[in-house]
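**Q** These are the residues of each chain, in order.
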Amino acid sequence: AQKITQTQPGMFVQEKEAVTLDCTYDTSDPSYGLFWYKQPSSGEMIFLIYQGSYDQQNATEGRYSLNFQKARKSANLVISASQLGDSAMYFCAMREGQAGNQFYFGTGTSLTVIP
Amino acid sequence: NAGVTQTPKFRVLKTGQSMTLLCAQDMNHEYMYWYRQDPGMGLRLIHYSVGEGTTAKGEVPDGYNVSRLKKQNFLLGLESAAPSQTSVYFCASRRGTGGLKQPQHFGDGTRLSIL
Chain Y
71 AQKITQTQPG MFVQEKEAVT LDCTYDTSDP SYGLFWYKQP SSGEMIFLIY QGSYDQQNAT
131 EGRYSLNFQK ARKSANLVIS ASQLGDSAMY FCAMREGQAG NQFYFGTGTS LTVIP
Chain P
735 NAGVTQTPKF RVLKTGQSMT LLCAQDMNHE YMYWYRQDPG MGLRLIHYSV GEGTTAKGEV
795 PDGYNVSRLK KQNFLLGLES AAPSQTSVYF CASRRGTGGL KQPQHFGDGT RLSIL
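Line order of the protein sequences matches chains Y and P.
Counting in this note's numbering, the first sequence runs from 71 upward without gaps.
Counting in this note's numbering, the second sequence runs from 735 upward without gaps.
Hint data in this document are derived by calculation from the structure and do not stem from the laboratory.
Keep in mind that the hints are not guaranteed to be accurate.
Said to hold, decoys possible - List of simulated lysine to any residue pairs, SDA-like, C-alpha gap at most 20 angstroms:
1) K743(P) x Q109(Y)
2) K73(Y) x R778(P)
3) K73(Y) x K743(P)
4) K743(P) x D99(Y)
5) K805(P) x N171(Y)
6) K835(P) x Q126(Y)
7) K835(P) x S111(Y)
8) K73(Y) x G774(P)
9) K743(P) x S111(Y)
10) K835(P) x S135(Y)
11) K805(P) x G167(Y)
12) K73(Y) x P795(P)
13) K835(P) x S98(Y)
14) K143(Y) x L834(P)
15) K743(P) x P110(Y)
16) K835(P) x D99(Y)
17) K73(Y) x G792(P)
18) K835(P) x S112(Y)
19) K73(Y) x P773(P)
20) K140(Y) x L834(P)
21) K835(P) x E131(Y)
22) K835(P) x Q139(Y)
23) K143(Y) x T130(Y)
Please read all numbers here as calculations on a predicted model, not as lab measurements.
Let's have the full structure, built from the sequences with the hints guiding it.
**A** Listed below in structure tokens is the structure:
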């Protein structure tokens, strides 16, 4: 079974609107961390935001926030006030605490911001 | 502010040739990783290292070898390149302390084509 599932291959959003990118995960480990990365067309991977399984509040970093629903095993990325520079691939990833070392990545969502 | 540096950035090989990709990090990170990225498949882990002198297999290790003789360097080798190894290769590193929240820091990638 896939550890990380991103079901939206491509998304479009109007500039200045908010958009939600979906991520569901599968683990039996009670301790885990969830990460979102951005990959612009230039190719580099940029870390955006982190959510820990024991965190009481949803993570926020500027215009990025995480809608973390533990019971549903989802960690959706919300980008508010979209900008043209947000057009990129977005990857969700997980690391399991007890297993330790590996990160598991989803297949990504391509976001296009329309002016 | 070098971070993670990958060498080379582009390479074209013929089937059967060998080559080594170099990853160097200047952040004193304990953990280092090699991934390949193929269209529609996200990032898949090839090999990783939890410290100098140690390596471990990831999800797709066949056809690759790695070495971590120095803490700052992680080498990925292709002994006999095959067209199926055409991909973009990413190196990443992360701190070994600080818990689950430590993200991976990525290099800019190496685009490798096998003819």
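**Q** Each of the hints needs a verdict: does it hold here or not?
**A** So, going through the hints one by one against the coordinates:
1. K743(P) x Q109(Y): holds (17 angstroms)
2. K73(Y) x R778(P): holds (12 angstroms)
3. K73(Y) x K743(P): violated (30 angstroms)
4. K743(P) x D99(Y): violated (37 angstroms)
5. K805(P) x N171(Y): holds (17 angstroms)
6. K835(P) x Q126(Y): Measuring from Cα to Cα gives roughly 14 angstroms; hence the hint holds.
7. K835(P) x S111(Y): Violated: K835(P) and S111(Y) sit about 26 angstroms apart, past 20 angstroms.
8. K73(Y) x G774(P): Since the Cα atoms of K73(Y) and G774(P) sit roughly 16 angstroms apart, the hinted pair holds (cutoff 20 angstroms).
9. K743(P) x S111(Y): Distance ~15 angstroms between K743(P) and S111(Y) Cα, so the pair holds.
10. K835(P) x S135(Y): Distance ~16 angstroms between K835(P) and S135(Y) Cα, so the pair holds.
11. K805(P) x G167(Y): violated (23 angstroms)
12. K73(Y) x P795(P): Holds, at about 19 angstroms.
13. K835(P) x S98(Y): holds (19 angstroms)
14. K143(Y) x L834(P): holds (17 angstroms)
15. K743(P) x P110(Y): holds (17 angstroms)
16. K835(P) x D99(Y): Holds, because 16 angstroms separates the two Cα atoms, which is no more than 20 angstroms.
17. K73(Y) x G792(P): Satisfied, since the Cα-Cα distance of roughly 14 angstroms is no more than 20 angstroms.
18. K835(P) x S112(Y): violated (26 angstroms)
19. K73(Y) x P773(P): holds (18 angstroms)
20. K140(Y) x L834(P): Holds. K140(Y) to L834(P) sits at ~17 angstroms (cutoff 20 angstroms).
21. K835(P) x E131(Y): holds (14 angstroms)
22. K835(P) x Q139(Y): At roughly 18 angstroms apart (the allowed maximum being 20 angstroms), Q139(Y) and K835(P) satisfy the hint.
23. K143(Y) x T130(Y): holds (18 angstroms)
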